[in-house]
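Asker: Line by line, the protein sequences give chains A and B.
Residues in the first sequence are numbered from 780 upward in steps of one, following this note's numbering.
Residues in the second sequence are numbered from 9 upward in steps of one, following this note's numbering.
Don't read these hints as lab results, they were simulated from the structure.
Take these hints with a grain of salt, some might be off.
[Claimed, not checked] Heads up, simulated BS3-like pairs for lysine-lysine below, C-alpha to C-alpha not over 27 Å straight-line:
#: 1; chain 1: A; residue 1: LYS808; chain 2: B; residue 2: LYS440
#: 2; chain 1: A; residue 1: LYS815; chain 2: A; residue 2: LYS855
#: 3; chain 1: B; residue 1: LYS423; chain 2: B; residue 2: LYS385
#: 4; chain 1: B; residue 1: LYS423; chain 2: B; residue 2: LYS472
#: 5; chain 1: B; residue 1: LYS459; chain 2: B; residue 2: LYS472
#: 6; chain 1: A; residue 1: LYS808; chain 2: B; residue 2: LYS206
#: 7; chain 1: A; residue 1: LYS855; chain 2: A; residue 2: LYS809
#: 8; chain 1: B; residue 1: LYS185; chain 2: B; residue 2: LYS158
#: 9; chain 1: A; residue 1: LYS855; chain 2: B; residue 2: LYS17
#: 10; chain 1: A; residue 1: LYS786; chain 2: B; residue 2: LYS440
#: 11; chain 1: B; residue 1: LYS423; chain 2: B; residue 2: LYS477
#: 12; chain 1: A; residue 1: LYS808; chain 2: B; residue 2: LYS17
#: 13; chain 1: B; residue 1: LYS406; chain 2: B; residue 2: LYS385
#: 14; chain 1: B; residue 1: LYS406; chain 2: B; residue 2: LYS381
#: 15; chain 1: B; residue 1: LYS251; chain 2: B; residue 2: LYS206
#: 16; chain 1: A; residue 1: LYS855; chain 2: B; residue 2: LYS12
#: 17; chain 1: B; residue 1: LYS210; chain 2: A; residue 2: LYS786
#: 18; chain 1: A; residue 1: LYS809; chain 2: B; residue 2: LYS440
#: 19; chain 1: B; residue 1: LYS17; chain 2: B; residue 2: LYS251
#: 20; chain 1: A; residue 1: LYS809; chain 2: B; residue 2: LYS12
#: 21; chain 1: B; residue 1: LYS440; chain 2: B; residue 2: LYS472
#: 22; chain 1: B; residue 1: LYS406; chain 2: B; residue 2: LYS472
#: 23; chain 1: A; residue 1: LYS855; chain 2: B; residue 2: LYS206
#: 24; chain 1: B; residue 1: LYS472; chain 2: B; residue 2: LYS448
Since the structure is predicted, the reported quantities are computational estimates derived from the model, not experimental observations.
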Amino acid sequence: MEIDRSKPYPLINAVECKSCGRCVESCPKKVLQIGKELNDRGYHYVVYSGTGCIGCNNCFYNCPEPNAIEVHIPAKD
Amino acid sequence: MSEKITCTKGLYKEFSRKGGAAPTATHYCPGCGHGILHKLIGEALADFDLQDRCVMISPVGCAVFAYYYFDCGNIQVAHGRAPAVATGVSRATDQVVISYQGDGDLASIGLNETLQAANRGEKIAVFFVNNTVYGMTGGQMAPTTLIGEKTITCLGGRDPMTQGYPLHMCELISSLKAPVYVERVALSDPANVRNARKAVRKAMEIQRDGKGYTFVEVLSPCPTNLGISPVANNEWINQEMMKEFPVKNFRDLTAEAMAFQRPQSDFSTASLEKIFDLETTVPPVSGATVQGEAQVKIAGFGGQGVLSLGIMLTQAAQAAGCQVSWYPSYGPEQRGGTSNCSVIVSDSPIGSPIVYQPDLLIAMNRPSFERFKNDVKHGGTIIYDALMGEVEIPEGCKGIAVPAQELADQAGNSKGANTIMFGVMMATGMTKLPDEAFVKALEESFAKKPKLIPINVELLKVAKAWAAKHF
Numbered sequence: 780m781e782i783d784r785s786k787p788y789p790l791i792n793a794v795e796c797k798s799c800g801r802c803v804e805s806c807p808k809k810v811l812q813i814g815k816e817l818n819d820r821g822y823h824y825v826v827y828s829g830t831g832c833i834g835c836n837n838c839f840y841n842c843p844e845p846n847a848i849e850v851h852i853p854a855k856d
Numbered sequence: 009m010s011e012k013i014t015c016t017k018g019l020y021k022e023f024s025r026k027g028g029a030a031p032t033a034t035h036y037c038p039g040c041g042h043g044i045l046h047k048l049i050g051e052a053l054a055d056f057d058l059q060d061r062c063v064m065i066s067p068v069g070c071a072v073f074a075y076y077y078f079d080c081g082n083i084q085v086a087h088g089r090a091p092a093v094a095t096g097v098s099r100a101t102d103q104v105v106i107s108y109q110g111d112g113d114l115a116s117i118g119l120n121e122t123l124q125a126a127n128r129g130e131k132i133a134v135f136f137v138n139n140t141v142y143g144m145t146g147g148q149m150a151p152t153t154l155i156g157e158k159t160i161t162c163l164g165g166r167d168p169m170t171q172g173y174p175l176h177m178c179e180l181i182s183s184l185k186a187p188v189y190v191e192r193v194a195l196s197d198p199a200n201v202r203n204a205r206k207a208v209r210k211a212m213e214i215q216r217d218g219k220g221y222t223f224v225e226v227l228s229p230c231p232t233n234l235g236i237s238p239v240a241n242n243e244w245i246n247q248e249m250m251k252e253f254p255v256k257n258f259r260d261l262t263a264e265a266m267a268f269q270r271p272q273s274d275f276s277t278a279s280l281e282k283i284f285d286l287e288t289t290v291p292p293v294s295g296a297t298v299q300g301e302a303q304v305k306i307a308g309f310g311g312q313g314v315l316s317l318g319i320m321l322t323q324a325a326q327a328a329g330c331q332v333s334w335y336p337s338y339g340p341e342q343r344g345g346t347s348n349c350s351v352i353v354s355d356s357p358i359g360s361p362i363v364y365q366p367d368l369l370i371a372m373n374r375p376s377f378e379r380f381k382n383d384v385k386h387g388g389t390i391i392y393d394a395l396m397g398e399v400e401i402p403e404g405c406k407g408i409a410v411p412a413q414e415l416a417d418q419a420g421n422s423k424g425a426n427t428i429m430f431g432v433m434m435a436t437g438m439t440k441l442p443d444e445a446f447v448k449a450l451e452e453s454f455a456k457k458p459k460l461i462p463i464n465v466e467l468l469k470v471a472k473a474w475a476a477k478h479f
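In isolation and in its complexed conformation, chain A is listed as follows (with noise of 0.2 Å):
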């Protein structure tokens, strides 16, 4: 699904995610979920449903992998 960019959003980094469950958990949206793919290292990668995001940073701060996911706000002007 395509994401609009002039909404905040979450990036995944794919490759580096484990699969723990944590942003899911986190997100207040409920827009995040457990994909059905696997990566490259084997585990089910987290999803963007591709709208719904705020911007909390709640799945950032509460993923334990450093390049998993990082949140792109945009600015108000």
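With chain A fixed as given, assemble chain B onto it according to the hints.
Answerer: Below, chain B alone, put in the same frame as chain A:
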């Protein structure tokens, strides 16, 4: 369109020290709390511009590899000793020092260091990862294991009648006078992670301002060893762990605390010489009868007298007024292999006692001969036991096969083979020491058994006479 990106800071982009097939992933299990705390600390280091003046002390435990990740200075230390090393670094360098430790490391083997450093109010930030088990070693009971909690070393659950009660580190630390900031936080959900982030930043600000000791305990998940899912582990922290370990601030003296005023450390040579009352110049070697330097390697089976032959050579060198070093090596070879020692005889002070390329090799058995023969300097000499049979001497070296046991037997002293070797060493002149020095070494070596002195001096002569005929 401009945008703000929330991403990891203060950690390396790629973990090249880790390497392997996944050099951008941590070595931690899925759902582990270490990665979260790493990100929080890294972010604070970057935001407060502390990376270039921070030394992290990493523990023994899963976080032993913290140096894979943190883009700052690091020292990895022995189990539980992080606060002791952190004390040294903090006092000597005035850097920002982080002691990152787990519950086994900090509250068990390192409890003494932890409390002493806290009590001294060392200028260090301690981050204490409490997950109630020993992680790296496979889930044994820790000092912080809850009552009734099952681990592989308390299968029926921790029983206070036999295993005591969970240790409350924040409570212990805050009973001391010196600590500036003591707080317990958790990594169990977004609200708690936000508080943990605040506590980490507070601690790092206190360090930046040089105000003293901070202690942040972090209740952290270990899904692998608790045998539950990461999400279930979070619930367990909130429902079970927090009953025993309440999440709260125990002390915050940030406002009152003054920046440490410690005198500047002076590590100049002159200062150290004064402190330790050292002589400022190396005394001239009086009475050295040799010119230059001789490097000797003596090798053989353990028990062949290899190390004591080296000692005897040092005694000869001292008798001749020389500088001398003796450096034994008997690592894994204690188990039936070879042992060896390096001896350097010199007319001037010796910098390093290690001999890489000996002038003279004494090989008491074939494995030692084979191992070291190619190290011998061009123009050097190899003395070896004739019992070894046919050997190949490296080009440019001289080989001397000594029938040491046979000569000793003929002289009526079957235990004197080593002295024969010593005598041949003397006869080669490679050590540059005079014959009297070798005699003096025997006198000193057998000082407790004076009867053996003339017998061994006689063996020296036998060896010399043999040498005169054979090379």
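Asker: Hints the structure violates: just list their numbers, smallest first.
Answerer: 1, 2, 3, 8, 10, 17, 18, 19
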